[in-house]
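Novice: First to last, the protein sequences are chains A and B. Read left to right, the first sequence gives residues 257 to 600 (the numbering used here). Read left to right, the second sequence gives residues -19 to 323 (the numbering used here).
Because the hints were derived from the structure by calculation, they are not lab data. Take these hints with a grain of salt, some might be off.
[Stated by the list, open to error] A short list of chain B residues far from chain A (calculated; beta carbon distances all over 12 Å):
1) Lys(-14)
2) Pro19
3) Asp63
4) Leu135
5) Gly154
6) Ala187
7) Met193
8) Phe203
9) Thr244
10) Glu283
11) Leu284
12) Val294
13) Asp312
14) Glu317
15) Arg320
16) Leu321
[To be verified] Far from chain B, by Cβ distances over 12 Å, these chain A residues were calculated:
17) Leu398
18) Ala406
19) Asp417
20) Asp436
21) Arg518
22) Ile524
23) Gly527
24) Glu540
25) Ser552
26) Ala582
[To be verified] Each computed DSBU-like pair below joins lysine-lysine, with the alpha-carbon atoms no more than 35 Å apart:
27) A:Lys260 with B:Lys(-14)
28) A:Lys260 with B:Lys296
29) B:Lys84 with A:Lys265
30) B:Lys82 with B:Lys296
31) B:Lys(-14) with B:Lys26
32) B:Lys62 with B:Lys82
33) A:Lys265 with B:Lys296
34) A:Lys265 with B:Lys30
35) B:Lys282 with A:Lys265
36) B:Lys72 with B:Lys82
37) B:Lys109 with A:Lys265
38) B:Lys30 with B:Lys(-14)
39) B:Lys(-14) with B:Lys82
40) A:Lys265 with B:Lys82
Ideal Cβ placement from N, Cα and C applies to all residues, glycine included.
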Amino acid sequence: MSTKSERLKRRLVRELVVENLELIGAVPVRPRPRPRRFLPAFKVAALVFLPAAVFASSWVLRTPTTGAEEPSPRRVVAVLDPAPEEPVRSAVALEAPRPVPADVFPLAVRRVILDAGHGGHNLGTKTPSGLLEKEITLDIALRLREALSADPFEVLLTRDDDRFVNLHDRASWANDQRGDIFVSIHVNWLEGSRASGVETYYLGAAEDSFGSELASRENLDSGHTMAEMRTLLEGIYADLRQDKSRELAAAIHTALYGALRRVNPELIDRGVKTAPFLVLVDTEMPAVLAEVAALSSETEATMLARPLYRQFIAEALATGIRRYAARPGSEGPSAPFLRKESAR
Amino acid sequence: MTDSAKRVLSVGIDLGTSRSSISTSAGERHVVHSYVGWPVDMVARKVLKKSVLVGEEALHNRSMLDLHRPLEEGLIKEGSAKDEAAVAELLKHLLALAGAVKGKGVDSVRAVVGVPAKALRVNKQSLRKAVAPLVDSLIIVSEPFAVAYGLEALLHAMIVDIGASTADFCIMRGRIPADEDQRTLTLAGDWLDDQLAVQIQERYPDARFSVHMVREWKERFSFVGEAKDRVHVVAPVGGKPTSIDITDPVRIACEALVPPIVETMVDLLSRCDPDFQDQVRNNIVLSGGTALIGGLGARVQKELADMGGGRVRVVKDPVFVGSDGGLAIALDASDQEWERLAV
Chain A
257 MSTKSERLKR RLVRELVVEN LELIGAVPVR PRPRPRRFLP AFKVAALVFL PAAVFASSWV
317 LRTPTTGAEE PSPRRVVAVL DPAPEEPVRS AVALEAPRPV PADVFPLAVR RVILDAGHGG
377 HNLGTKTPSG LLEKEITLDI ALRLREALSA DPFEVLLTRD DDRFVNLHDR ASWANDQRGD
437 IFVSIHVNWL EGSRASGVET YYLGAAEDSF GSELASRENL DSGHTMAEMR TLLEGIYADL
497 RQDKSRELAA AIHTALYGAL RRVNPELIDR GVKTAPFLVL VDTEMPAVLA EVAALSSETE
557 ATMLARPLYR QFIAEALATG IRRYAARPGS EGPSAPFLRK ESAR
Chain B
-19 MTDSAKRVLS VGIDLGTSRS SISTSAGERH VVHSYVGWPV DMVARKVLKK SVLVGEEALH
41 NRSMLDLHRP LEEGLIKEGS AKDEAAVAEL LKHLLALAGA VKGKGVDSVR AVVGVPAKAL
101 RVNKQSLRKA VAPLVDSLII VSEPFAVAYG LEALLHAMIV DIGASTADFC IMRGRIPADE
161 DQRTLTLAGD WLDDQLAVQI QERYPDARFS VHMVREWKER FSFVGEAKDR VHVVAPVGGK
221 PTSIDITDPV RIACEALVPP IVETMVDLLS RCDPDFQDQV RNNIVLSGGT ALIGGLGARV
281 QKELADMGGG RVRVVKDPVF VGSDGGLAIA LDASDQEWER LAV
């Protein structure tokens, strides 16, 4: 084997080792190149200010540059505003963020944010008989708020009437309210012979094409493509919030399926899954999206039309929330906290 | 025992949706179906006399098992504890088959595990969690890179790894592939199974068959182009075992895979540095189980001829090429690097 080939292999193995060390947090993650769209603006700025920079370089620029070197954004800023000498923050000098073990902070659940999917002109799914997802989700959210009224949670709704709130605003509002958990309520539409069942999502990569399609559909108001979101998500998937979201999703799903199966023995358990729904991406707290039924199933559509079944769903969701709040490692619902219901 | 006297075993593992393989520095090579099953009840456990079954054995006894194929789309299904456990069992089984079990003649196991190109950080971390109890040090690598390393096609080459759930395309530029060097299509072996099932059902509406039967037919008979012989299989029709001719369904289903593969190749080629496009074009490698479709390499090369030409070769041993590549990486990494990567 040639030495050149050996050298190449040696270098690649070294890079691979570094990539794996980054994965386990043993070395700082290498900064990724900025997206290309920033370059033209920067280049224009550099062209405009470069003569000034050269002129003033004897006192402004502490580090000499060669003519071939493209000025860095930091240097351009220095030319524009030479007076304050701010310390430069270097990505390389910073310690890499590491996941925090989940048991470091036993977290209490105090403020529960409920998100009734769709609303206003956004109807969601609907049956031929005219049953609308936006109405069902709101009804269940209101019932759930009532069901939790005896618990020491503060319950807030992203909407408590029939109006349109875009996905980003829902998440931002939940963040502003400093919610401890976020539960988004939706009703599914499934194609094929197994067009029924319940499933609960938390943030992660879509596990299958259905998850991708569903997330794309629900994210229509986001303005992001799935490709853009993938980059965004990379940094989020590994954090503490995902572990908590997974626990919340498991608690809610187990309660939901367990309770509903008693009244609907044919209910299909579609499981706890991951998908990049925007409301889960933008929220800063453990967040889940529960598809509490499927309107595509005639049986479930008929049952959803009955208030009693919607009450079952609300009660089941409440049970899941309580179980999550009371799980080992949690402080449980904060007793001294003001017991209060409020809506947006 | 001193460090130098430690018996270190290096292994390369290709964790696939359909099959998983292992190659070790002791010369062992094994492949298993990526199925894991647990007996559904006490009766099943009594009949099977095992608490967990893996591979072919699990597939054959599927009626008595809670059967999992834990790597759908090549990734551990996030959020499913059962599938994480299934991956751990699968790895345990592979390592045991290959004699890579600590304490049994081996003091230390160093593993390189190949994952699909599109595996995200979180999937890799799930995998790391599953492998941690079984090995001492671990490197996770994208599968096309492992293939390229094993074939020493590291510069100006295109690797197309067509597995069960994904077809991973990767341009090798003498560096660890970045996002822009890679593409993933979810049109691969499983998709082909679906197409084949649809084709057969259309021709024989009364025939009954399972996905496992279709998968087996595909693996035995798949081809593109002219059929050398007619393909006949036996399936129950109206409850009676009947011989049916599936030659055309097999050909149609397999040929449906060609256009997206060629389009993706051309798209990736068009993004290569023009100075090296010809070199890459003439160094295209098909690997993975689905690359075993009869005549696929020649057909892809023929399609490419209309788009500027190119040379396509199918690896001789697609089942082990990934795990062999992983093993090569494991052997090339230094002791010091392995120490840093201890789990």
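Novice: Find the nearest Cβ of chain A to the Cβ of Pro19 of chain B and say whether that gap is larger than 12 Å.
Specialist: 20 Å, holds
Novice: Measure nothing beyond the straight line between the CA atoms of Lys260 of chain A and Lys(-14) of chain B; if it is 35 Å or shorter, mark the hint as holding.
Specialist: The given pair, whose Cα atoms are some 32 Å apart, holds under the 35 Å limit.
Novice: Run the C-beta distances from Gly527 of chain A to all of chain B and say if the shortest one exceeds 12 Å.
Specialist: 7 Å, violated
Novice: Beyond 12 Å from every Cβ of chain B: is that where the Cβ of Ala406 of chain A lies?
Specialist: Fine: 30 Å to the nearest Cβ keeps Ala406 of chain A off the interface.
Novice: Would the pair Lys72 of chain B and Lys82 of chain B pass a check requiring their Cα atoms to be no farther apart than 35 Å?
Specialist: 11 Å, holds
Novice: Beyond 12 Å from every chain A Cβ: check whether that's true for Leu284 of chain B.
Specialist: 26 Å, holds
Novice: Quick check for students: does the CB of Thr244 of chain B sit more than 12 Å from each CB in chain A?
Specialist: 15 Å, holds
Novice: In terms of Cβ atoms, is chain A entirely out of 12 Å range of Ala187 of chain B?
Specialist: The assertion about Ala187 of chain B holds, with a minimum of 18 Å to chain A.
Novice: A cut-off of 12 Å on Cβ-Cβ distance, and Phe203 of chain B was said to be off the interface with chain A. Does that hold?
Specialist: 27 Å, holds
Novice: Grab the minimum beta-carbon distance between Glu283 of chain B and chain A and tell me whether it stays above 12 Å.
Specialist: 25 Å, holds
Novice: Measuring Cβ to Cβ, find out whether Asp312 of chain B lies farther than 12 Å from everything in chain A.
Specialist: Per Cβ check, Asp312 of chain B is inside 12 Å of chain A; nearest 5 Å; violated.
Novice: Taking the closest pair, is the beta carbon of Ala582 of chain A still more than 12 Å from chain B?
Specialist: Since the minimum Cβ distance to chain B is about 20 Å, Ala582 of chain A lies beyond 12 Å and the statement holds.
Going through the hint list in order, the structure does not satisfy hints 3, 4, 5, 13, 14, 15, 16, 23, 31 and 34.
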